[in-house]
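Here's the letter readout for the chains.
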Amino acid sequence: MEKEGGNSKMETTVLNNNADIEITDKLLLVDDRIENLYSLEGMLQMDDRQFFLATSGNEALKIALKEKPSLIMLDVQMPEMDGFEVAKFLRSNAQTKNIPILFVTAINKDHKYVTQALEDGAVDYLFKPLDVRVTRAKVATLLRLSRQQEELERKNLQLAKLNLEKNHLLGMAAHDLRGPLGHISAFTDFILEEAELKKEHVEFLNIIKKTSKHLLNMVNNLLDVSKIESGKFELNYQSFDLVQHIVGITDINRTNAQAKSLTLNVEARPSVIFISADADKLEQVMNNLLSNAIKFSKSGTNIMVLIERHDRDVEVSVIDQGQGIPLDEQKKLFLPFQKTSVRGTAGEQSTGLGLAIIKKIIDAHKGTIRVDSKPGMGSTFSFVLPVNE
Amino acid sequence: MYNTNRMKLDFVMFVDDSRIDNIIHRRIVNRAGFAKKVATFEEPGLALTFLQNTLREEAQFPDLIFLDLDMPLMNGFVFLDQYAGMVGDIPKQSKVVILTSSDENNEMKRAHQHSQVQAFVRKPLDKKSLIRLMYQLAWSAPPVIQPAQQN
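In the order they appear, the protein sequences are chains Z and F. For the first sequence, position 281 (counting from the first letter as 1) is numbered 314 according to our numbering, and the numbering increases by one without interruption. For the second sequence, position 6 (counting from the first letter as 1) is numbered 104 according to our numbering, and the numbering increases by one without interruption.
Honestly, the hints are just simulated from the structure, not real lab data. A few of these clues could be false.
Stated by the list, open to error - Calculated cross-link-like contacts (lysine-lysine; reagent style DSSO-like; alpha-carbon spacing at most 27 Å):
| no. | chain 1 | residue 1 | chain 2 | residue 2 |
| --- | --- | --- | --- | --- |
| 1 | F | 225 | F | 135 |
| 2 | F | 207 | Z | 392 |
| 3 | Z | 246 | F | 225 |
| 4 | Z | 393 | F | 207 |
| 5 | F | 226 | Z | 242 |
| 6 | Z | 293 | Z | 265 |
| 7 | Z | 331 | Z | 246 |
| 8 | Z | 246 | Z | 365 |
| 9 | F | 135 | Z | 331 |
| 10 | Z | 99 | Z | 121 |
| 11 | F | 225 | Z | 232 |
| 12 | Z | 364 | Z | 392 |
| 13 | F | 134 | Z | 231 |
| 14 | Z | 243 | F | 226 |
| 15 | Z | 243 | Z | 293 |
| 16 | Z | 365 | Z | 407 |
| 17 | Z | 372 | Z | 399 |
| 18 | Z | 392 | F | 135 |
| 19 | Z | 399 | F | 207 |
| 20 | Z | 130 | Z | 171 |
| 21 | Z | 232 | Z | 243 |
| 22 | Z | 246 | F | 226 |
| 23 | F | 225 | Z | 243 |
| 24 | Z | 331 | F | 134 |
| 25 | F | 207 | Z | 242 |
| 26 | Z | 293 | F | 225 |
| 27 | F | 207 | Z | 265 |
| 28 | Z | 293 | F | 226 |
| 29 | F | 193 | F | 134 |
| 30 | Z | 121 | Z | 145 |
| 31 | Z | 365 | Z | 265 |
| 32 | Z | 393 | F | 134 |
Can you build the whole structure from these sequences, using the hints too?
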């Protein structure tokens, strides 16, 4: 029974403070006795409220699904379907599960019933005869909470949408920046390869080279973050020998290690370990861990890559004898935009995103990554991956 | 470690609408000693014509074609379709490597459906990615790349 006539018809609306959205609170009153409904409606009547009246559980459910009221006042004792059953159904439906329910009853003051009602999803309980002031106050409070919840949900949706747009924009911008930055970096290298350069100019070119590489790295990281956040991050599983893959990646990084007089070795037990994983993404992980180890190591020290098979897993550790990381900073290492107090030994820069990204890559492989580090003693970054043979 | 000299190719071709990328790629291949001869085509249509005309002279056919995907006149996928049309006659050792700034998985999957496509390299091509490509080609195929075979 949907009531639109008489004094329950809404003609006045309330304006939201910062938007021209008309807000009306919809109340669904449920009682098998119509006179109770009229009396309750009279008691709660206000300009910004719209009432829907139902004399049975079935009718209440239909109205609840159609109107999505802000509050349901539900009589417990009704023929056919009682208030508890109605509440259970409302809680089981995604569209109605968050609507607050206020039980109203003349009987069942018994504690057991009150408990059951609360367990079935009621937010509060009122006993007949109703105390007018208590009833009005409770209804007003619940409606206010309900409005705030709706507002929160609306804002969350809005935020999710904005975040999606932000990631899209970030992805596009990063992608378009990558090309020109790559060009700057490449041509700087070409000029540096030429003989007959003044010493000072070599130094300038090296600064351009370092800066553009850092920018490129940052842009690539931003692109990864945008992909991860917008759910475009997928793994391409393929079967390959992880040891051979890591040996190849380490060879490529050896030039940078040698430039700082670091030794870089790989040890694998056994010497062939086939796994199913995303080879490109694991290369990104290894490149990041190796470049960090190189970045934070003092010349003359060693970096060791240890690959060990344990039963169904493989563990890869990058062990350095570098500066180490203070304990309180270790916890934040894998969060985005966290930079440690530790500085690159040759003034290398960090984006603060690398470890957050590789953690996502390892997580996506259903693996784990951890750090074990002591200041002054060096750091060991280890990740464990399922072999998935 | 692989002997990268073993991987030196006779002839590498780039199909890419970006003149700047072509300058960079040509120089990187030359400096790395990756190939004896390099050709660059900014227009994919001209590259196809060249390939078509070269089919009869196997020794003159490129060992490796680096192909950009995002090109205005003819994108890389259309190029691959037309190239596949010549497949019966293409010298067996000739391979295609996709060289693109895109890292969309869908594009990678689509490109790999073409049997000539051997690898997917992200721009900018540099010495590191060339070394990696050498490894990759050595994994996926026996040494292709000796001077053209004479029967």
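Quick rundown of the hints versus the structure:
As the CA atoms of residue 225 of chain F and residue 135 of chain F are separated by approximately 17 Å, the hinted pair is consistent with the 27 Å bound. A hinted pair counts as satisfied when its Cα atoms are at most 27 Å apart, and residue 207 of chain F with residue 392 of chain Z qualifies at roughly 25 Å. Pair hint residue 246 of chain Z plus residue 225 of chain F holds up; C-alpha atoms about 14 Å apart against a cutoff of 27 Å. Under the criterion of a C-alpha separation no larger than 27 Å, the hint pairing residue 393 of chain Z with residue 207 of chain F is consistent with the structure, at around 22 Å.
Restraint check for residue 226 of chain F and residue 242 of chain Z: the C-alpha separation of about 16 Å stays at or below 27 Å, so the hint holds. Under the criterion of a C-alpha separation no larger than 27 Å, the hint pairing residue 293 of chain Z with residue 265 of chain Z is inconsistent with the structure, at around 37 Å. Proposed proximity of residue 331 of chain Z and residue 246 of chain Z is supported: the alpha carbons are some 22 Å apart, at most 27 Å. Distance restraint check for residue 246 of chain Z and residue 365 of chain Z: the Cα-Cα separation of roughly 25 Å lies within the 27 Å cut-off, and the hinted pair is therefore satisfied.
Pair hint residue 135 of chain F plus residue 331 of chain Z does not hold up; C-alpha atoms about 42 Å apart against a cutoff of 27 Å. Taken as a hint, the residue 99 of chain Z and residue 121 of chain Z pair is honoured in the structure, with Cα atoms around 18 Å apart against an allowance of 27 Å. At roughly 25 Å between alpha-carbon atoms, residue 225 of chain F and residue 232 of chain Z fall within 27 Å of each other, so this suggested pair holds. Between residue 364 of chain Z and residue 392 of chain Z, the direct Cα distance comes to roughly 13 Å. Compliance with the 27 Å bound is thereby established for this hinted pair.
For the proposed pair residue 134 of chain F and residue 231 of chain Z, the alpha carbon gap of about 32 Å is over 27 Å, so the pair is violated. Of the supplied pair hints, the one linking residue 243 of chain Z and residue 226 of chain F holds, its CA atoms being roughly 16 Å apart against a limit of 27 Å. For the suggested pair residue 243 of chain Z and residue 293 of chain Z, the alpha carbons sit about 15 Å apart, so the restraint of at most 27 Å is met. Under the criterion of a C-alpha separation no larger than 27 Å, the hint pairing residue 365 of chain Z with residue 407 of chain Z is consistent with the structure, at around 15 Å.
A threshold of 27 Å between alpha carbons decides the hint, and for residue 372 of chain Z with residue 399 of chain Z the separation of about 26 Å falls inside it, so the pair holds. Among the hinted pairs, residue 392 of chain Z with residue 135 of chain F is inconsistent with the structure: their alpha-carbon atoms are about 43 Å apart, more than 27 Å. Between residue 399 of chain Z and residue 207 of chain F the CA atoms are separated by roughly 23 Å; this keeps the pair inside 27 Å, and the hint holds. At roughly 20 Å between alpha-carbon atoms, residue 130 of chain Z and residue 171 of chain Z fall within 27 Å of each other, so this suggested pair holds.
The suggested pairing of residue 232 of chain Z with residue 243 of chain Z holds, with an alpha-carbon distance near 17 Å, which does not exceed 27 Å. Under the criterion of a C-alpha separation no larger than 27 Å, the hint pairing residue 246 of chain Z with residue 226 of chain F is consistent with the structure, at around 14 Å. Restraint check: the Cα-Cα separation between residue 225 of chain F and residue 243 of chain Z comes to about 17 Å, which is no more than 27 Å; the hinted pair holds. Straight-line distance between C-alpha atoms of residue 331 of chain Z and residue 134 of chain F comes to about 40 Å, which puts the hinted pair past the 27 Å bound.
For the hint linking residue 207 of chain F to residue 242 of chain Z, the alpha-carbon distance of about 34 Å lies beyond 27 Å, and the restraint is violated. Only pairs whose Cα atoms come within 27 Å are accepted, and residue 293 of chain Z paired with residue 225 of chain F is accepted, the gap being roughly 20 Å. For the given pair, residue 207 of chain F sits about 15 Å from residue 265 of chain Z by alpha-carbon distance, which is consistent with the 27 Å threshold. Restraint check for residue 293 of chain Z and residue 226 of chain F: satisfied, since their Cα atoms lie roughly 18 Å apart, inside the 27 Å limit.
Only pairs whose Cα atoms come within 27 Å are accepted, and residue 193 of chain F paired with residue 134 of chain F is accepted, the gap being roughly 16 Å. At most 27 Å may separate the alpha-carbon atoms for a hinted pair to count; residue 121 of chain Z and residue 145 of chain Z meet this at roughly 17 Å. For the proposed pair residue 365 of chain Z and residue 265 of chain Z, the alpha carbon gap of about 25 Å is at most 27 Å, so the pair holds. This hinted pair does not check out: residue 393 of chain Z and residue 134 of chain F have alpha carbons roughly 42 Å apart, beyond 27 Å.
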